[in-house]
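Turn these sequences into a full structure, and let the hints guide you.
So that you can map any letter, position 213 of the sequence shown is 265 in the numbering used here, and since no number is skipped, the others follow by simple counting.
Warning: the hint list may mix true and false statements.
Unchecked claim - In silico BS3-like cross-links for lysine-lysine, where the CA-CA straight-line distance does not exceed 27 Å:
id	residue 1	residue 2
1	Lys-283	Lys-253
2	Lys-226	Lys-253
3	Lys-253	Lys-103
4	Lys-103	Lys-226
5	Lys-283	Lys-86
6	Lys-253	Lys-86
7	Lys-103	Lys-86
It is worth saying that the hints were derived from the structure and are not from the lab.
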Amino acid sequence: MWEVPLLAVISELVHRYRSPENGVPEALAMLERKLTDFNQMTADIDMSAFKLMDFGTRRRFSRDVQEAIVSRLQQESWFTGTSNYDLARRLTLTPMGTQAHEWFQAHQQISPDLATSQRAALAAWLTEYPDQLGIALTDCITMDAFLRDFGPEFATRYQGLRHDSGDPFEWGEKAISHYQKLGIDPLTKVLVFSDNLDLAKAIELYRHFSSRVNLSFGIGTRLTCDIPQVKPLNIVIKLVECNGKPVLSCRQPWENHLPRQSVCPRVTKSVRSPADQKGQLIIKGSRQAPFFFIYLAKHPLPMRILLV
53 MWEVPLLAVI SELVHRYRSP ENGVPEALAM LERKLTDFNQ MTADIDMSAF
103 KLMDFGTRRR FSRDVQEAIV SRLQQESWFT GTSNYDLARR LTLTPMGTQA
153 HEWFQAHQQI SPDLATSQRA ALAAWLTEYP DQLGIALTDC ITMDAFLRDF
203 GPEFATRYQG LRHDSGDPFE WGEKAISHYQ KLGIDPLTKV LVFSDNLDLA
253 KAIELYRHFS SRVNLSFGIG TRLTCDIPQV KPLNIVIKLV ECNGKPVLSC
303 RQPWENHLPR QSVCPRVTKS VRSPADQKGQ LIIKGSRQAP FFFIYLAKHP
353 LPMRILLV
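See below:
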């Protein structure tokens, strides 16, 4: 899949052009300051259940910066792994990750019925990975819609849930309540938080939830592209069509919906239409491949990309 390598390459090329004077020393210096603050903020907390993983490949400053950051974090007892398989291999770390939005989006078209597409996606995942990778992504068509499909069998077989948009505290309370309603002890499950996290926000969430459910935190850009005077790119690649037909991601906030309401009326007829999105660049694959786009939030970059 093109998403991860494309975003990583684009991000590194842009930062190489914009900030050639910055790199590993600056990134490590910032990380050390953050770790000092982290230790001060957690001095009075039992952090024995705190777990953090690197999710920073896609919007990293550079390959070298990510490797340096992850190598330093390996020294911390609460660091559990990285989503970068190459780094995991080279640094002897556990590769970690969860489902992606495109898994659920693709099933909107490849499953027999749109109304049951999330259940089809959840079931197909368990068929492929019956005893591992059991963290379910909840926000492709909102948390509430997800929980309606996440019945007793799925809730029992999946190890936990991942938050990637919307209010994390509200989401966490809904997840715990859902498990309790199904007669499942939340302390046997894991909630993974990964939406725009930094260490301070992770501590906040840990304080709030750690006595009621197991937790894990995935931090990306705030670790691998946190350098003074460097602005990380706000870029994303999402699936917009599968087999020539439109698919949708209804994440919160609503501005993250892809594509617009007019494109997917069957899915979004009851959902408020998002604001117009500017700065889009369509990247086309072969006739058989899905179509992707890069959304450059505010500042389109001086580059053109075409996959053929």
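The hints, checked one at a time:
A distance of roughly 20 Å separates the Cα atoms of Lys-283 and Lys-253; the hinted pair therefore holds under the 27 Å criterion. Proposed proximity of Lys-226 and Lys-253 is supported: the alpha carbons are some 19 Å apart, at most 27 Å. The suggested pairing of Lys-253 with Lys-103 holds, with an alpha-carbon distance near 13 Å, which does not exceed 27 Å. Distance hint between Lys-103 and Lys-226 is fulfilled; the C-alpha atoms sit about 21 Å from each other, no more than 27 Å.
This hinted pair checks out: Lys-283 and Lys-86 have alpha carbons roughly 17 Å apart, not beyond 27 Å. For the hint pairing Lys-253 with Lys-86, the CA-to-CA distance comes to about 12 Å; that is within 27 Å, so the pair holds. Annotation: proposed proximity of Lys-103 to Lys-86 holds, straight-line Cα distance about 16 Å (limit 27 Å).
In summary, this structure violates none of the numbered hints.
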